[in-house]
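S.K.: Here is what each chain is made of, one letter per residue.
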Amino acid sequence: MTERVCKRESLKEGLIASIPIVLGYFPIAIAFGLLSKNTSLSLRDTSLLSSIVYAGAGQFMALDLISAGVNSSSIIMAIFLLNIRYLVMSASLSVKLENIPKKFLPVLGFGISDETFSVVSFSKSKINLAYVSMVFLLPYLSWNIGTIVGYFVGEILPQSLQASLSVGLYAMFAALLFPEAKKNKRIFLVFIISAAIYALIYYLNIFPAGWDIILAIIVASALGITVLNHKEEENVN
Amino acid sequence: MKGYLPVIIGMALVTYIPRMLPLVALKDRDVGGKAKIFLQIIPYTSLSILITRGILTSSQDMIIPTILGVSSAAIAAYLKGNLILSVFVGVLVSYLLLQ
Numbered sequence: 001m002t003e004r005v006c007k008r009e010s011l012k013e014g015l016i017a018s019i020p021i022v023l024g025y026f027p028i029a030i031a032f033g034l035l036s037k038n039t040s041l042s043l044r045d046t047s048l049l050s051s052i053v054y055a056g057a058g059q060f061m062a063l064d065l066i067s068a069g070v071n072s073s074s075i076i077m078a079i080f081l082l083n084i085r086y087l088v089m090s091a092s093l094s095v096k097l098e099n100i101p102k103k104f105l106p107v108l109g110f111g112i113s114d115e116t117f118s119v120v121s122f123s124k125s126k127i128n129l130a131y132v133s134m135v136f137l138l139p140y141l142s143w144n145i146g147t148i149v150g151y152f153v154g155e156i157l158p159q160s161l162q163a164s165l166s167v168g169l170y171a172m173f174a175a176l177l178f179p180e181a182k183k184n185k186r187i188f189l190v191f192i193i194s195a196a197i198y199a200l201i202y203y204l205n206i207f208p209a210g211w212d213i214i215l216a217i218i219v220a221s222a223l224g225i226t227v228l229n230h231k232e233e234e235n236v237n
Numbered sequence: 001m002k003g004y005l006p007v008i009i010g011m012a013l014v015t016y017i018p019r020m021l022p023l024v025a026l027k028d029r030d031v032g033g034k035a036k037i038f039l040q041i042i043p044y045t046s047l048s049i050l051i052t053r054g055i056l057t058s059s060q061d062m063i064i065p066t067i068l069g070v071s072s073a074a075i076a077a078y079l080k081g082n083l084i085l086s087v088f089v090g091v092l093v094s095y096l097l098l099q
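Sequence order for the protein chains is A and B. For the first sequence, position 157 (counting from the first letter as 1) is numbered 157 according to the numbering used here, and the numbering increases by one without interruption. For the second sequence, position 23 (counting from the first letter as 1) is numbered 23 according to the numbering used here, and the numbering increases by one without interruption.
Heads up, a few of these hints could be off.
Okay, the calculated bits of chain B under chain A, using three or more residues with CB under 8 Å as the criterion [to be verified]: (1) 8-20; (2) 30-42; (3) 61-70.
Hint data in this document are derived by calculation from the structure and do not stem from the laboratory. Please read all numbers here as calculations on a predicted model, not as lab measurements. Even for Gly, the Cβ is constructed at its ideal location relative to N, Cα and C.
The following block holds chain A by itself, in its conformation from the complex (with noise of 0.2 Å):
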């Protein structure tokens, strides 16, 4: 296979890979937009949220955190803390990325969300920078113009098909874990385990928004490495 050929092949499978996320993502924006509107932020700033931050869950926190008037400095500390768990899958990222020249990947970065990181991590395609460039540009296409769509005609998407369509995200999500445990059946025991330790923290309370999900990753984790032992070692990956 030529090298251009083997491209082409590549983007056309990041494409097909993104599909699920650039639909999901765009009702999620759509209901973003009007949302924004609706606490009186200005088309500008509406739209910087969605392109340089970029942080889904984070901008609604945000417009909420906003409309209560709550100041800056805590604004951004708690989006800090409901982002904290990038760093954990950026560095899982890192492994699986090992092949992408080193200067391509403070861009990449920029692209990582729960969903493009779960798609390219499960990702049978050979992973090349084109590949995860469609993976990471489209998605972010689909959230910066259902911003827009949104904050000019929000009201046109019935709010059962808005609701339905973010469960697709969480459906996406069921979708790549489970095949996976169809070859290593322990992967259902760390499902199990990770959704116990989740829930466990989720009902004790105790730790702020945000470091809930990085302890329950890192706990579940640990704990992974054990149920996943050495010589299951060639299935995870």
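For chain A, the structure is supplied; the task is to place chain B on it using the hints.
M.R.: For chain B alone, coordinates are given in the frame of chain A:
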């Protein structure tokens, strides 16, 4: 209409840095052994945790559509292994439950 430029720039920095730093800092470090397994398990545990969180934090009227939507997507994915089909099944189930 108030301008929020400084707080938006602050938010942009605290979102970008955690995403970019480990990716760049761990590049060309020879991560091996248990640390590597730990990093490779993170996708499985994070997804499990994000799904659980999605269910636990959903509003009262969304709990059942979320649980059943996610479960049907999980079953479809387990049986067929097709991502887009499974997501479609999940959205359809939750949409029908909301009618």
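S.K.: Within the assertion that chain A covers the stretch 30-42 of chain B, do at least three residues meet a Cβ-to-Cβ distance smaller than 8 Å?
M.R.: holds (count 9)
S.K.: How about the stretch 61-70 of chain B: do at least three of its residues have a C-beta closer than 8 Å to a C-beta of chain A?
M.R.: holds (count 5)
S.K.: Would you say the stretch 8-20 of chain B counts as covered by chain A, given the rule of at least 3 residues with C-beta under 8 Å?
M.R.: Held - the stretch 8-20 of chain B has 11 residues with a Cβ nearer than 8 Å to chain A, which meets the minimum of three.
Comparing the model with each earlier hint shows no violations; every hint is respected.
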